[in-house]
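Given the structure of chain L, go ahead and fit chains F, C and D onto it with the hints provided.
Number of protein chains: 4
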Amino acid sequence: MAGNSIGQLFKVTTFGESHGPAIGGIVDGCPPGMRLTAEDLQLDLDRRKPGTSRYTTARREEDLVKILSGVFEDTTTGASIGLLIDNTDQRSQDYSNIKEVFRPGHADYTYWHKFGIRDYRGGGRSSARETAVRVAAGAIAKKYLKEHCGIEIRGYLAQLGPVKAEKLLWDEVQNNPFFCPDPDKLAALDEYMRQLKKDGDSVGARVNVVATNVPVGLGEPVFDRLDADIAHAMMSINAVKAVEIGDGFAVVEQRGSTDRDELTPDGFNSNHAGGTLGGISSGQDIKVSMALKPTSSISIPGKSINVHGEVIEVVTKGRHDPCVGIRAVPIAEAMLAIVLMDHLLRHRAQNAGVSVNTPDIARVGK
Amino acid sequence: MAGNSIGQLFKVTTFGESHGPAIGGIVDGCPPGMRLTAEDLQLDLDRRKPGTSRYTTARREEDLVKILSGVFEDTTTGASIGLLIDNTDQRSQDYSNIKEVFRPGHADYTYWHKFGIRDYRGGGRSSARETAVRVAAGAIAKKYLKEHCGIEIRGYLAQLGPVKAEKLLWDEVQNNPFFCPDPDKLAALDEYMRQLKKDGDSVGARVNVVATNVPVGLGEPVFDRLDADIAHAMMSINAVKAVEIGDGFAVVEQRGSTDRDELTPDGFNSNHAGGTLGGISSGQDIKVSMALKPTSSISIPGKSINVHGEVIEVVTKGRHDPCVGIRAVPIAEAMLAIVLMDHLLRHRAQNAGVSVNTPDIARVGK
Amino acid sequence: MAGNSIGQLFKVTTFGESHGPAIGGIVDGCPPGMRLTAEDLQLDLDRRKPGTSRYTTARREEDLVKILSGVFEDTTTGASIGLLIDNTDQRSQDYSNIKEVFRPGHADYTYWHKFGIRDYRGGGRSSARETAVRVAAGAIAKKYLKEHCGIEIRGYLAQLGPVKAEKLLWDEVQNNPFFCPDPDKLAALDEYMRQLKKDGDSVGARVNVVATNVPVGLGEPVFDRLDADIAHAMMSINAVKAVEIGDGFAVVEQRGSTDRDELTPDGFNSNHAGGTLGGISSGQDIKVSMALKPTSSISIPGKSINVHGEVIEVVTKGRHDPCVGIRAVPIAEAMLAIVLMDHLLRHRAQNAGVSVNTPDIARVGK
Amino acid sequence: MAGNSIGQLFKVTTFGESHGPAIGGIVDGCPPGMRLTAEDLQLDLDRRKPGTSRYTTARREEDLVKILSGVFEDTTTGASIGLLIDNTDQRSQDYSNIKEVFRPGHADYTYWHKFGIRDYRGGGRSSARETAVRVAAGAIAKKYLKEHCGIEIRGYLAQLGPVKAEKLLWDEVQNNPFFCPDPDKLAALDEYMRQLKKDGDSVGARVNVVATNVPVGLGEPVFDRLDADIAHAMMSINAVKAVEIGDGFAVVEQRGSTDRDELTPDGFNSNHAGGTLGGISSGQDIKVSMALKPTSSISIPGKSINVHGEVIEVVTKGRHDPCVGIRAVPIAEAMLAIVLMDHLLRHRAQNAGVSVNTPDIARVGK
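Protein chains in written order, with our numbering: chain L, 231 to 596; chain F, 231 to 596; chain C, 231 to 596; chain D, 231 to 596.
Only chain L is shown next, with the shape it has when bound in the complex:
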């Protein structure tokens, strides 16, 4: 496959640059018979939308998605679903000064060497703008997974710079612009962000996403393990530099006697594994954590070179995020949904007839 697609059976292909007329995508493989309207997708798009808080970017996009195909009388037909989102607030003039400049920390330099040409406006295809389409596609997957399997996918901000959430109250996540699940940290986050904007700098973040009620059996050994595909999907999000499943790096110092999750007739005794065993879902919550690096587009000048190899200084004016991590939450949810959807269909394909007498212990009592 070329690089602009993800998934085998639930396949999402996207197009669109930061400053083109529109961005969009095609979702291929969605099962027929599910009710679907643009409103179902708009909800998650609005959560991701730039301009929704005073902390994130000042670019104000409507991000209104249109469904162009694959749906008839508000029901999916099984045909490919075309999605379109017009770009309405590009402001090309903001970028003319970087036409020949490689902004440090951005893809300008690598795109130039790889393609010999680059759309320098707002990062072109390397811009996080394309993630809007992922969110729309992910919303389709989320809906199906919810309705057919009862799967819930929810993300939150676990840490922003030095500020860590210490409580996990799901209901709080929607109540603040940080997607923070710990109400006691909001003031600290607010203060930190103000200082960041004053400093003209940015900081990284840690975002977690959890899928509950996942049936046992999803994942395709040995290479398309569920966790491997999850890692791929998360690492494909702009700015992600690390991915953990379950206890992640903590397992380095763990003993086997601690790490292995014991099984009982009433469920597992722990979930160090984070929901996968041998690359297949165990029925336990799938827990993913990722690190997002700080945006490189900051007011503080940085050294770089231009296309001629000359030394230059780079200062980013215009509209930018002091912390991209904040907006990654709905994107990470979308990616997890897309991966689970793909694996659900792949599992059905090969193992539709499988049935065992052993109880799905993660489901006992639920």
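It is worth saying that the hints were derived from the structure and are not from the lab.
Identical copies carry no separate label here, and so any pair may be met within one copy or between two of them.
Calculated pairs, DSSO-like style, for lysine-lysine (alpha carbon to alpha carbon, straight line, at most 30 Å):
#1 Lys296 with Lys329
#2 Lys373 with Lys329
#3 Lys397 with Lys428
#4 Lys547 with Lys329
Leaving out everything else, chains F, C and D in the frame of chain L:
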């Protein structure tokens, strides 16, 4: 694609269980004209081989690989390369007691639910035995990358349990059975492992792998970013629970002013990114780090259930690794090689004619 | 891959139904640096457009294509290219009477059984409307193949019902609405079509397409032979029921002494093979021929059943083609272009460095 | 995908040259729980085996297949199935004289140009030897389709040179070495073949293959139509130059009023379509016909050039087929089985829950 393949253009497909007659694979897409013999592959296989040190598993496999096709007069022809490794030391009798048992921390439970059947001997397809084929396939990729691009891929043990390597002396890695680059830690590792074996327990590890001299431009935005495919490849290795590129999770608390690697005519000023920018190689060293969980097969009894859902206790006798991380080093190298090889070919396909005047600054002076 | 994509490296994914708001697609993998505007695509779209002659369908679509991404300052960037064509002349009211009806010879019955739902308006996704996107995508491939390799791809109507073209005058093809290369047959075609419309019936056709100046070496043994992929691409066009390469079915009665194309330093002595040898292009003209069945949407009543299994009669009113073969010519060209483009990139990927002293005998003297 | 694989969910990857130590393959995606032994595969392999009649090639291979993985206690586990067939009768010395020669009609010339190297012994990878693995893989698919859906796949020789079968008596196919269903033609075939061998020439053939009892609904519009994938699979067989579905080229002169298969509550009134509608199986018999060109390896001298571009004469000594079509029958069956298997799994993936009240009219009364 079904789950037993990885890669688009340099595609590796494998087969084989722990206790079947043989394991093997097919490497499809290797360019023609490269000299290749079984000896070229045996070197890395020997590094991975069980029984090479008193610490790792007691299973003694020859792991002699045979090349069955795709090579003529010791030169690759461009045809698919068939690889075969006979299993010679299975000892089936070691596993009959776990026929109906789900070993905690292993894939027994999930394979059972997914497939309705499982080869219980040694974990069947979920066994790390299949990684031998990955290493053989990876050796083909390594050779090509070395000869055609001068790329070197080397891994090492960064941490085992609480013992961290503090120096990185590449030449030391080959000199001890731990792949440890810090000679001052060997005694501590040795002591720790002895204690581990006495306790009948196991511990996790952190393995790093680095690719040097990678040309700028490898990676396929937006989903098949080089780092995304690397994360996928590493997470597909048994026991891996986390993957980092460059500074990894450290970026969470980093400022943008620090994290972004500035460019100068003589090279980058830093490598927080770990070798990729916008998902494309920058020419800098690609730095990957991963966490491997401790083996769940230990002498210490663990609680579990059997296929009937009854409570049982599990004790692993027989031959097992107190630390699987040690053997993951050559596997991680192989996976990185396979990913880079695939991306090299993908880059050639679309961008063969691209040429820019801007210097590849990571190559200046080298 | 899901069914709405074709190609590995030059990948075309489409969406859109006959009566949705728009049809479109994404072309992924186009090399960067090629000049490309919507006008380049419009030419071939206009050749395919319904309503361009009094013989074909009366539906009048503008078929104006928009390029939404992947092009910057009229030059391809290497990013995915989004294409959009608005549907402007749907006339939904024509189809309400077939809401529960399975039109014989159409996909209504099979779509119903497969998906449990169908967009009955104009055939929904099964409509030939989606081929407009193929033509747009094919135009991109055609341009690249022409500019980079000098490849020309041209199709023509070889036979319509009983009327066979007996001369092949390429310049004539553009001069009549039949794409017929034999000016002496135009009157017969005209007469035949008039009679067909009077009878309220339809007829099949044979369409040929030829690629000249194809470099030797394209095709990926053993399954993705060039001719196998060509057959796939042509058979994927609505109404195609057969595909031949070179002498096609004539080889059944040929002797080996005749059929094999002898090689000389100045070229091949014949081209029974039609341009491929062992599934790889030989450098000779690639000759493809296909059969298109007659449209099943005719005025003559037909027997069928409805979704309840009841006997009904079906009469197609509204706008329909008495011979779909006429419009298949630009579509067949587009498909051949897409396949050759994909194979050009695949060949480059694996065999970029290959160079032999043996002359490309098909190129001698050209 | 690289060229040595076919299928998305039931994926077959092969390796092996004519004169290498072995040929083999990996079948990935076979559902678990099916009984499978090497004997199940050997049956079809024996039908294909060279040396089974005095007419076909004199090479005598045992073609004994071994199953190396993916089966436990004679039951498929869902893991990849490794297949191996040793080459036992290579006779390398037969080919040393063609080391620098391009045999006309063979892939020598194109392989040389594409790869810059070729295994000249027996055609290397271009040899029909690799089809043995296809037959083994196809046997797995055949078994599953038979046991789970009642699908039967049978092929026969429809025509050899000028001799056409005029009756279709399925039971006769197994009773003669030609796979001919018309006992009245055996004498003519025998006589024709004797004359062919005396002439030192070869002739082409037409092979048909039929699948009965195919469920309605298999096929993935728009590009992976069932018929498109069938055409691809058949055209990928060495020597195939044309493929027809249903009435094939006869549709060119058919009227729509004749061609469209009318539906009644008791079944279709005809099967001009050959079993697919809109690229999806209709439930009717799937009828495929293909043309195989005559072998180019004949005693009659042919003109050609060598790798230096010099004029030479080529005479094939050694063991060759005067009509390769005879052996293509089991290969065509295998390919149809592989395609149907892949589509069965793909259909399950997306449409598992679909259920309509409309009867499957092709199944009424059966």
